[in-house]
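Chain B: place on chain A using the hints.
Going down the list, the protein sequences come from chains A and B.
Its first residue numbered 2, the first sequence is counted upward by one per residue in this note's numbering.
Its first residue numbered 2, the second sequence is counted upward by one per residue in this note's numbering.
A hint or two may mislead.
One copy or any two copies: either way a pair holds, since identical chains are not told apart in the list.
[Said to hold, decoys possible] Calculated lysine to any residue pairs in the SDA-like style (CA-CA distance at most 25 Å, straight line):
hint	residue 1	residue 2
1	390	280
2	47	183
3	90	354
4	407	363
5	97	360
6	47	407
7	407	396
8	292	104
9	254	454
10	414	395
11	414	439
12	202	164
13	128	170
14	125	412
15	414	392
16	414	403
None of these hints come from the bench; they were simulated from the model.
Quantities reported herein were computed from a predicted structural model and do not represent experimental measurements.
Residues per chain, in single letters:
There are 2 protein chains.
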Amino acid sequence: MTKHPKSNLVLRILYFLLLTNCCWLFGSQLIAKETGRSDTSLTEEKLMLVANRLKSLGLSEEKAHEFLLQLTSIGGRLTGSPQAEEAVKRAVELMKELNFDRVWTEPVTVNRWVRGEKEIGLLKSRKFGQQKINVAALGNSLATTEEGLEAGLVEVHSFRELEKLGEKVIKGKIVFFNQPMDRTLINPFMAYGQAAQFRVKGASAAAKYGAVAVMVRSATFRIDEHPHTGLMTYESGLPKIPAVSVATADAEKISRWLKEDPEIRIFLKTSCQQLGPVVSHNVIGELTGTKSPKEIILVGGHLDSWDLSPGAHDDAAGCAVAVEALRLIKDCGLKPARTIRAVLFMDEEFGGTGGRAYATAPQRAGEKHLLAIEQDQGGGVPLGLAVGKTPELLNKISPLTRVLQKLGLHWVKNGGGGVDIAPLVEQGCLAGTIVPNTQRYFDFHHSALDVPEAVHPRELQLQALALALTLYYFSQEGI
Amino acid sequence: MTKHPKSNLVLRILYFLLLTNCCWLFGSQLIAKETGRSDTSLTEEKLMLVANRLKSLGLSEEKAHEFLLQLTSIGGRLTGSPQAEEAVKRAVELMKELNFDRVWTEPVTVNRWVRGEKEIGLLKSRKFGQQKINVAALGNSLATTEEGLEAGLVEVHSFRELEKLGEKVIKGKIVFFNQPMDRTLINPFMAYGQAAQFRVKGASAAAKYGAVAVMVRSATFRIDEHPHTGLMTYESGLPKIPAVSVATADAEKISRWLKEDPEIRIFLKTSCQQLGPVVSHNVIGELTGTKSPKEIILVGGHLDSWDLSPGAHDDAAGCAVAVEALRLIKDCGLKPARTIRAVLFMDEEFGGTGGRAYATAPQRAGEKHLLAIEQDQGGGVPLGLAVGKTPELLNKISPLTRVLQKLGLHWVKNGGGGVDIAPLVEQGCLAGTIVPNTQRYFDFHHSALDVPEAVHPRELQLQALALALTLYYFSQEGI
Chain A
2 MTKHPKSNLV LRILYFLLLT NCCWLFGSQL IAKETGRSDT SLTEEKLMLV ANRLKSLGLS
62 EEKAHEFLLQ LTSIGGRLTG SPQAEEAVKR AVELMKELNF DRVWTEPVTV NRWVRGEKEI
122 GLLKSRKFGQ QKINVAALGN SLATTEEGLE AGLVEVHSFR ELEKLGEKVI KGKIVFFNQP
182 MDRTLINPFM AYGQAAQFRV KGASAAAKYG AVAVMVRSAT FRIDEHPHTG LMTYESGLPK
242 IPAVSVATAD AEKISRWLKE DPEIRIFLKT SCQQLGPVVS HNVIGELTGT KSPKEIILVG
302 GHLDSWDLSP GAHDDAAGCA VAVEALRLIK DCGLKPARTI RAVLFMDEEF GGTGGRAYAT
362 APQRAGEKHL LAIEQDQGGG VPLGLAVGKT PELLNKISPL TRVLQKLGLH WVKNGGGGVD
422 IAPLVEQGCL AGTIVPNTQR YFDFHHSALD VPEAVHPREL QLQALALALT LYYFSQEGI
Chain B
2 MTKHPKSNLV LRILYFLLLT NCCWLFGSQL IAKETGRSDT SLTEEKLMLV ANRLKSLGLS
62 EEKAHEFLLQ LTSIGGRLTG SPQAEEAVKR AVELMKELNF DRVWTEPVTV NRWVRGEKEI
122 GLLKSRKFGQ QKINVAALGN SLATTEEGLE AGLVEVHSFR ELEKLGEKVI KGKIVFFNQP
182 MDRTLINPFM AYGQAAQFRV KGASAAAKYG AVAVMVRSAT FRIDEHPHTG LMTYESGLPK
242 IPAVSVATAD AEKISRWLKE DPEIRIFLKT SCQQLGPVVS HNVIGELTGT KSPKEIILVG
302 GHLDSWDLSP GAHDDAAGCA VAVEALRLIK DCGLKPARTI RAVLFMDEEF GGTGGRAYAT
362 APQRAGEKHL LAIEQDQGGG VPLGLAVGKT PELLNKISPL TRVLQKLGLH WVKNGGGGVD
422 IAPLVEQGCL AGTIVPNTQR YFDFHHSALD VPEAVHPREL QLQALALALT LYYFSQEGI
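Same shape as in the complex, but just chain A (with noise of 0.2 Å):
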């Protein structure tokens, strides 16, 4: 039986004209035409039927997910982890059976931190009693000794607070931070900002002034059990404790319990080693351009993640739209005037030497790169694309504006970037990211909550086709 989807005659020609094979072949001719002419630019018109093409592909399916899936599946993708390695392996094998025009690897030297044996946290109290809490330790920090480390409790919310308690208070004991993320910030990027350094500078600030340890509230809006790891790092010169985040509900137990016994003792056994220096790769594969195959437009995520987590939003998901949108525009046909390449960076989470390996690599050599895009907000619905640095180029980038707003994203302005790409834009690239809504990104991330059922299928397959509209925008109009 033939499938009528419309009862409306002129809906439905529409309808055939919009999605099915006649849209193709006119939309072929005259998309045919301007990629075969590098010097005319794609018109509002031309690419809203890019767009119409990518939007029926793209959508009739959700092969974001489906990508994001196979890397998950994996587990935990810690740098340097075997883990991390078999991504790479199945990622190189996932852009080859889609058919990308060069699929390769480039050497990336990783620390290898272990977690080691799962933390034990206790709380010990003669008001309260002993009592489990749930901590992890920060990637990078050392080890507790084998009995562990039990010693009493300060609660600070500031650098300033533990400066002026000194070494006088601080010295012999844990020093907990429980500064909660801002919540009355629109922007939980502006609120994890505040609240993660904590996490990355608490142990030296708090070890200048004799603490044993430090226990850090974990970065997230959420109330729950799950702490969030993430990386800390060691000044030079002072001594190096160990250093757990703590989960939000047992920071406010604490934090209350603590006011009613000042006493409260804290039991900590980690058992995290780092290995040493091991070699790792990023993962690049391409759409070579047509007309100008060394200049560059980049897309990126990274394959790397926590360990408590398969890291779905963390960043299994800016790996598979950059991915996807490779596949949409090849599928549909289209060929970029400019080379489209997807780089899935290694090691974004623990120092970034992904990034700097990939700008620095001998095979840049000769290559321009025009246009670096991060994908690593995680996989939200897209609100807005954020890009470059100038009103020049947003004047001059308009169609893709206005056909950007037909696929809901209702906003462009200067901005955009991430780790992995700043090493090329120091380097003079323009940086760009496709803006998702972050509002919950945040119950997830470095937690054990970051799973595959976290991110919405459809909302990252509208990730992955905003991608590919603006990739191969650029790709045709260059910068």
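This is chain B only, laid out in the frame that chain A set:
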């Protein structure tokens, strides 16, 4: 111990100014001046101060979700049911507890329909055996006989296809409308509008050719085992036949199997009933205008829901943000010049009698409704404001547009509306809607999945915040 949330001095001072008592005092003075003179317009600067106050109070807690939990704890609130009346009672109590200036109910006559016992759906095939299928009676449908109904199946995808098959094929059969929502449309409501026509009009369309029942594919992008109900209507002069929705996973399976075994028969047993008209209520609470109390800026959601779930997104969310918006305005000490009124309508799902009763109630005499905002697209993160019909209005409200951007709503355009406010709009009142992300909405809509856990507390709260600012702006500025 004092808490210093920032270690950087400049940031700390700014923080202090914006989020604490200083801002409160300065802000109050400015706002007091402004509300004291109705000829003074709310400049962007003044409105930003209002927004900061609303934000500090509004985002520090997630009250909208607390209100949503109060409503959803009642369970499904089908119009005319005891649960719907319990919702009326609790909504009145809530608004009174929040000290709104006036709280009252107005009567609405609604049809009471009950689902009766859980429906039975069986697929019977010589090839595949007998299998349970997940069905739910459509709202307003008649029941099968007590023995149930069994017949062969004809799958169609459009009314045109149905017409083409005609009585010869259809007579004595169950018509299976299996047209999926068009996932290539960016706006899920567009796709819903297309698919829902089979739910609404399918029974009569099929009865015209002698069908004995209809089974309609659930309107959702997801493939799962949850039937989505919703209103259906009977065309006068045609036989009234039972109508059920079927879960998408079952629809896919049945369609596949039907190709291999066209003799498949379906057994359906439903026991739904019309219990005739009963009196229910709209619930109304307001902050009475200090200058023009008879000029109304209205915000509405609907108290009734379908019975398969507690209707968290549809539309406890709308009720919750309406109440929370008024609470925020009140608890920030803002005194609206015009009346800001929250109306929790009864019977949106089953005929819209609540909206009509409100618009035509004797209490409306002497009142002038300038703007009615309807929130009935779920509790997703707010994306923009759709309001009014003219570019002139958009020009006029540019301060609101710019301040909404600071709250993360990047667009204001003409539009807005809904079933409940349609009768007011017909009388000349402008329409508005804070438009949320709806990409996930139909995953839950009208099914057992529409539970409080499906609504993100912070996203809902952001909707209430944007709503509060918008209501307050229009209460001061008029239209």
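Structure-based check of each hint:
no., hint, in the structure
1, 390 / 280, "neither (35 Å within a copy, 61 Å between copies)"
2, 47 / 183, "between (45 Å within a copy, 24 Å between copies)"
3, 90 / 354, "within (19 Å within a copy, 61 Å between copies)"
4, 407 / 363, "neither (41 Å within a copy, 44 Å between copies)"
5, 97 / 360, "within (23 Å within a copy, 63 Å between copies)"
6, 47 / 407, "within (14 Å within a copy, 33 Å between copies)"
7, 407 / 396, "both (18 Å within a copy, 22 Å between copies)"
8, 292 / 104, "within (19 Å within a copy, 69 Å between copies)"
9, 254 / 454, "between (29 Å within a copy, 24 Å between copies)"
10, 414 / 395, "both (7 Å within a copy, 21 Å between copies)"
11, 414 / 439, "both (17 Å within a copy, 23 Å between copies)"
12, 202 / 164, "within (14 Å within a copy, 71 Å between copies)"
13, 128 / 170, "within (22 Å within a copy, 79 Å between copies)"
14, 125 / 412, "neither (52 Å within a copy, 53 Å between copies)"
15, 414 / 392, "both (8 Å within a copy, 23 Å between copies)"
16, 414 / 403, "both (13 Å within a copy, 15 Å between copies)"
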